[in-house]
Every structure is written in C-alpha cells, then in structure tokens.
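Asker: The chain contents come next:
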Amino acid sequence: MNEREELNKNILDQMTSLTLSSEAQKAFDRFKLQGLPHKKLEDYKYTNVDAFFPKELSLRTNEAELSTEQLTKLARGIEPHLVLINGKVSGDHSKLPEGVEFQVSDSFKSSSEFKTDSLEDLNLILSQQILKLVIKKDTSPGIINILHLNTNSAINTVGASRILVEVEANSIARIAEYFNSPDEGSFNRNHLTEISVAENANAEHIKVVTEGSESFHFGSVKASVKANACLHSFTFTTGGKLSRNNIHIDLDGIGARGEVNGLYALRGSQQCDNFSHINHKVERTESEQLFKAVLDNVSHGIFTGKIIVHRNAQLVNSSQLNKNLLLSKKAHADTRPQLEVYADDVKCAHGATVGQLSEEELFYLESRAISPRDAKIMLCHGFVQEALNKIKHVETKKYLENLLYTEYEKDIHQRIREEA
Amino acid sequence: MIEIKNLHAKVEDGDEILRGINLSIKPGEVHAIMGPNGSGKSTLAKVIAGHPAFEVTEGTIQYDVNNKLTDLLEFEAFERAQKGIFLGFQYPVEIPGVSNFSFLHESFNEVCKAQGVNETTAEEFREFLKPKLDLLEMNASFLDRPVNTGFSGGEKKKNEILQMAVLNPRLSLLDETDSGLDIDALKIVSKGVNAIKNKYNAVLLVTHYQRLLDYIVPDYVHVLSNGQIIKSGGKELALELEEKGYDWLTKVQ
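These protein sequences, in sequence, are chains A and B.
Residue numbers for the first sequence follow my numbering, beginning at 32 and rising by one.
Residue numbers for the second sequence follow my numbering, beginning at 2 and rising by one.
Since the hints were derived computationally from the structure, they do not count as laboratory data.
In this text, a Cβ means the ideal position worked out from N, Cα and C, and glycines have one as well.
Certain hints may be false.
A partial selection of chain A residues facing chain B, derived with a Cβ cut-off under 7 Å [as the list claims (entries may be wrong)]:
no.	residue
1	Glu290
2	Glu397
3	Arg399
4	Ile401
5	Ser402
6	Gln416
7	Glu417
Cross-link-like lysine-lysine pairs, in silico, DSBU-like; alpha carbons within 35 Å at most [stated by the list, open to error]:
no.	chain 1	residue 1	chain 2	residue 2
8	A	Lys429	B	Lys131
9	A	Lys378	B	Lys114
10	B	Lys236	B	Lys69
11	A	Lys360	B	Lys11
12	A	Lys421	B	Lys236
13	B	Lys133	A	Lys421
14	B	Lys114	A	Lys428
15	A	Lys428	B	Lys157
Can you make the complete structure from the sequences, with help from the hints?
Answerer: Encoded structure:
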C-alpha cells in the first residue's frame with residue numbers, strides 16, 4: 032500500500048464511525064470510490080494533495096476558544112461580524128448588520144448538485160455545522176467580515192466548515208472571508224461557501240487566505256447567478272503551504288454576470304492552485320477574469336480557467352487573463368485556459384503571460400533618479416494594482432493593499448536591499 | 002559641464018558602436034547630433050545616461066559636479082539622474098499600474114533628497130506641476146493615468162518634456178524627441194524645451210531632421226558616422242545636411 036492509499040484508508044476508517052445525513056452519505060459513497068484527488072486527474076494535474084496531509088490525520092475537529100489576545104493577533108486588524116474557530120461559530124453574532132438573517136443548522140442542503148471534486152465531498156461528510164446568511168431583498172447591509180481561525184488543538188485535524196449565502200433579489204451584498212491559522216503546526220482546512228445571487232442583485236465575495244506557513248487550505252466557492260444579477264469574486268492568497276482555491280460559477284439567468292478575479296503572491300516554497308470554472312448556461316451572460324501572480328523564491332503558482340459555454344448560450348461575452356510575474360529564477364508558474372464552447376455566436380478571449388520585471392521599465396524609472404530597489408518595488412506595486420483595483424469594497428481593498436505591501440513584501444524588501 | 006574623451010562603447014557581447022567620441026558641452030549651449038541610421042547617436046545619449054545594456058570599453062566622461070570634474074562612469078543611472086542628467090526617450094516606456102503622478106512625485110522627491118532640498122507633499126507637488134502642465138498644454142487628467150500607457154505618440158513626448166520641466170536637469174539628452182510628432186505637437190514640445198533652457202543648463206539633441214532645429218536652435222551641430230564625430234559646425238551645417246544628405250561627408254571619409 033502506498034502513502035496515498037494508506038491515507039485514504041485512514042480517512043475511510045475514521046469515516047465509518049460518523050453519523051451521516053443522507054447528503055453526507057451520498058458524498059461518502061462517492062469518496063469511497065474516488066479517494067483523495069491525485070495528479071492523474073486533469074483538475075489536479077499540478078498539485079499532489081496527499082503530500083500535504085499529515086500522516087496522522089484526524090477527522091475529528093476539536094472545539095476550542097481563543098483568548099482575546101490570540102484572537103486579536105490572528106484577526107490582523109479585521110473587525111469581524113462572525114468568528115469561526117476550528118470550523119465552528121464562536122461567541123455571539125449580534126454584530127451582524129441589519130438586513131442580514133443568520134442561522135446555524137446541521138441540516139441545510141447544498142444548493143447545487145454539482146460537486147467539484149472529492150475534497151468537496153469530504154466537506155459534505157465532515158462539516159457538522161452549516162451557517163446560513165440571508166441578505167434580505169432590497170437591502171444593502173454593507174460589509175460582512177467573517178473570520179475563520181484555527182487554534183493549536185486543530186493541528187493534524189481536518190477542520191471542515193460550510194457557509195450558505197443567499198443574496199435575495201435587488202439587494203447588494205458585500206462579504207469578506209478571512210482564513211488565518213498559526214504558523215506552527217499543520218492545519219488542514221476544508222471550507223465551502225455557496226452563494227446564490229437572485230435576480231438583479233449585486234454580490235461581492237472576497238476571500239483572503241493568509242494561513243500559517245505549514246497549513247493546507249482547501250476552499251471552494253460555488254455560486255449561482257440569476258438573471259441580471261452580478262457576482263464579483265476576488266481570491267487573495269499570500270498564506271499557506273498549499274492553497275487550493277476552487278471557484279465554480281453558474282451563470283443561470285439571462286444577463287447574469289460573473290467577475291472572477293484574484294491575486295496570489297507567494298514566496299518560499301508555497302504553492303497555490305487556483306481552479307476557476309465558469310458555466311455560461313444561458314444566453315447573454317458575461318464573465319470576466321483576471322488572475323495575477325507574483326512568485327518569489329521557489330514558489331509555485333497555478334491557474335486553470337475553465338469556461339464552458341452551453342449549446343443555447345448565444346451572445347455570450349467572456350474574457351480571461353492570467354499574468355505571472357516571476358521574481359526569482361526558480362519560481363514556477365503553470366497556467367492553462369480550458370474553453371469548451373458549444374454555442375456559435377459568442378465572444379471568448381483568453382490569454383496568459385509569464386515574465387520577469389522588464390529591464391526597459393526598470394531603466395526608465397532609474398533614469399528618473401529612482402533607485403533600482405525602489406524601481407523594482409514600484410513595478411511590483413504597479414503589477415498587482417491592476418488586480419487589486421478589481422475589488423469594489425474600498426476599505427477591504429485598502430486593507431489588502433496594506434497587508435501585501437507590509438507583510439508580504441518584508442522579505443522581498445530585505446532581499447532587494449541585500450542585492451543592491 | 003561635460004567632457005567626453007575618446008569614448009568607446011559596445012553592446013554586451015556585441016560590436017563596438019561608439020569608436021572614439023570627443024565632445025565638450027558648456028553651460029548654456031545647445032548641441033545637435035545628427036547622422037545616418039545606425040551611426041550611434043542614440044547609443045551616445047544612452048551611454049551618458051548610464052543604460053546598463055552598454056559597456057564603456059575605453060575613454061572617459063567627466064561631468065561637472067559642484068564645480069569639480071567627476072568621473073561620470075562611476076555612477077549608476079539613478080545617481081546620474083540625481084546629479085542632473087536627463088534622458089528624453091525616443092520611445093518612452095509604458096508602465097501600466099503606476100500612475101503618472103506618483104511616478105513624477107517619487108522622481109522629483111528623489112532628486113530633492115539627493116540635492117538636499119525638502120521633499121514635497123502630494124498637494125504641494127500638484128500645485129508645482131500646474132504651470133508646467135500649462136507650458137506643455139497638457140490636461141491635468143494625464144497625471145492620474147498610468148505612465149505613458151495608451152498615450153499617443155505626441156502625448157508621450159510631451160510627457161517626457163514635462164518630466165524634464167519637473168526635474169530641471171543640468172544636462173538634457175533628448176533622443177529623437179521630434180520623431181512621431183505632428184507639427185503642432187512639435188511646436189509645443191520645442192516651446193517647452195526653450196522655456197526650460199537657460200544659461201546654466203545644456204541640451205544635447207539627437208535628431209534626424211533639420212525641422213526640429215528650426216524650433217530649438219543649436220549652437221553646434223555634430224555629424225556622427227560609424228561611431229565617430231566626422232564633422233562639427235554651426236547651425237548652418239544642419240541646413241547643408243538637409244540639402245546634400247550625409248553621403249558627401251561619409252564618402253570623403
């Protein structure tokens with residue numbers, strides 16, 4: 032038995048002792064057949080998931096509380112409306128703004144029949160508490176910040192959590208989910224956010240992954256967008272040893288629009304695998320994607336952009352772009368667009384670039400009295416700004432700019448200074 | 002202000018492009034460098050500015066810093082810029098994502114810092130820019146666009162001269178500033194250069210055409226061919242070249 036088989040067996044053995052709902056039972060049956068994703072699957076071509084799980088993996092999540100001090104540290108300055116610790120809701124949720132209905136249950140059903148992969152099945156099997164947020168129709172409650180934190184008692188366990196978001200007709204929703212865990216210890220997060228955006232609603236979902244340096248983050252965002260509604264999705268990743276971000280969007284109603292953007296800035300030996308899948312199910316739907324990567328040291332950035340235009344989905348407009356900036360010779364970028372177009376009257380554009388900082392741009396700045404170090408930083412900022420500008424919620428955008436320019440760049444500044 | 006002696010330069014791992022340039026420029030002077038394609042005109046400007054793609058293999062460039070001739074080759078491009086050397090690019094580089102304003106501001110403050118003057122705040126700098134924008138008949142909206150990105154040929158060149166006006170250099174090397182300009186833009190750009198010019202600074206124009214020299218009148222014209230200055234003269238030399246071409250000079254050689 033190889034390591035992967037051993038891990039699968041370990042997981043299945045532990046699962047047999049769980050009490051499962053009918054939905055979880057179906058997921059369990061599928062998982063039994065498939066096991067964990069592996070590199071032979073097209074969708075996991077570049078990422079060997081089992082290598083990131085600890086050998087002594089436990090599926091039991093331990094409940095825990097954080098001291099105020101620990102909470103402050105992991106919150107990194109975010110004022111949360113909801114806090115989840117090791118996958119469970121913690122404390123009160125009275126801070127949620129008006130116009131938002133909040134429930135917790137173990138019986139909410141997944142809104143979509145489609146399952147992206149067996150890690151999502153794992154989520155359906157393991158998540159015991161499902162949160163539901165309803166943005167009431169015709170309201171605009173403002174930003175909802177959700178913090179997902181881990182404590183040391185979650186080391187070597189799988190922390191599964193699930194949130195359902197219903198954005199009712201004509202409302203405006205702004206939701207930011209922050210995922211953070213301590214640097215010490217192997218945390219294995221498995222999170223699923225499902226969003227349904229009703230007619231004429233406008234939703235923005237911002238996902239921020241700053242997990243600890245030994246963590247494996249698996250997160251899926253699945254959304255359904257109805258007629259004349261719009262979903263802006265932004266995935267920001269600077270943390271984790273491995274992050275797998277699945278984004279699955281169904282454009283279900285005429286005039287539905289999906290803006291799916293992201294930024295991943297990696298260093299050390301970090302790996303981030305972004306898998307976006309956009310389904311143009313009906314006519315006159317639009318999607319626009321921009322994913323940018325800054326890759327330093329020996330990090331590995333991956334982007335797969337799958338776009339499916341269904342047979343009757345005429346007059347679809349879709350564009351996709353992935354740009355990678357390599358800051359070191361050993362950084363690695365994989366990028367692949369996957370377009371399946373079954374309708375004949377559509378516009379689909381896609382592109383990808385992988386490159387280093389331009390010598391000509393650097394010289395232009397240097398010829399204007401700017402030092403090589405500052406010129407490099409200016410160009411890096413210029414590169415990421417195009418992606419960050421896609422974020423609609425201004426305070427969140429500013430927060431992320433600051434996070435990137437201080438935390439992520441500390442090491443880069445240091446190195447550039449040493450080189451200069 | 003600058004003394005170039007027997008300057009030889011080549012592209013890294015390539016052929017020698019400059020093959021013994023001698024040139025001396027004094028404060029208040031305007032020099033024009035003309036010559037056929039591939040003669041080394043742009044290379045000369047880039048070598049003085051410190052472009053890393055070129056390697057100086059022989060000769061010296063002495064530059065006046067605080068009334069003392071200093072070896073310019075000792076300094077990197079950004080240090081030369083801080084000491085008052087400005088290169089106006091033939092093809093100004095587009096930098097998406099960096100706003101023209103923050104670029105100009107950063108650049109200006111770097112020069113201020115190097116010259117021991119107080120840095121400016123964003124508001125002060127915006128005020129400082131106003132008359133310079135007016136001089137070049139540029140709309141303030143240019144400041145909030147990314148550097149040169151999507152600018153027309155004329156707008157890019159005006160933006161170069163705007164940078165020159167902001168940095169107030171002692172020696173400006175203008176590399177084919179007239180290329181890609183229509184006659185109206187050429188007039189505006191020339192007006193800008195003439196307004197910045199004074200008895201303390203100097204300008205080196207690299208150009209193919211006499212046309213520019215009708216607007217920015219040179220004190221000296223040099224003809225560069227095959228990496229060497231083969232003839233120098235007054236502004237009338239440019240007219241002669243316009244009439245006869247370069248053949249009569251290069252063939253004699």
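Asker: Confirm or reject each hint.
Answerer: Status of each hint after checking the structure:
For Glu290 of chain A, the suggested interface contact is broken, since its CB lies about 19 Å from the closest CB of chain B, more than 7 Å. Residue-level restraint check for Glu397 of chain A holds (minimum Cβ-Cβ distance to chain B is 4 Å; threshold 7 Å). A hinted interface residue such as Arg399 of chain A counts as satisfied when its beta carbon comes closer than 7 Å to some beta carbon of chain B; here the least separation is about 4 Å, so the hint holds. Because the closest C-beta pair between Ile401 of chain A and chain B is about 6 Å apart, less than 7 Å, the hint holds.
Interface hint at Ser402 of chain A: satisfied, since its Cβ lies 5 Å from the closest Cβ of chain B, which is below the 7 Å cut-off. With its C-beta approaching chain B no nearer than about 4 Å, Gln416 of chain A sits inside the 7 Å limit, and its interface hint holds. Hint on Glu417 of chain A holds. Least Cβ distance to chain B is approximately 5 Å, under the 7 Å limit. For a cut-off of 35 Å, the pair hint linking Lys429 of chain A to Lys131 of chain B stands: about 29 Å separates their Cα positions.
As the CA atoms of Lys378 of chain A and Lys114 of chain B are separated by approximately 51 Å, the hinted pair breaks the 35 Å bound. Only pairs whose Cα atoms come within 35 Å are accepted, and Lys236 of chain B paired with Lys69 of chain B is accepted, the gap being roughly 30 Å. A hinted pair counts as satisfied when its Cα atoms are at most 35 Å apart, and Lys360 of chain A with Lys11 of chain B qualifies at roughly 27 Å. With a C-alpha separation of about 54 Å, the suggested pair Lys421 of chain A and Lys236 of chain B falls outside the 35 Å cut-off, and the hint is violated.
For the hint pairing Lys133 of chain B with Lys421 of chain A, the CA-to-CA distance comes to about 33 Å; that is within 35 Å, so the pair holds. Annotation: proposed proximity of Lys114 of chain B to Lys428 of chain A holds, straight-line Cα distance about 31 Å (limit 35 Å). The suggested pairing of Lys428 of chain A with Lys157 of chain B holds, with an alpha-carbon distance near 31 Å, which does not exceed 35 Å.
In summary, the numbered hints that this structure violates are 1, 9 and 12.
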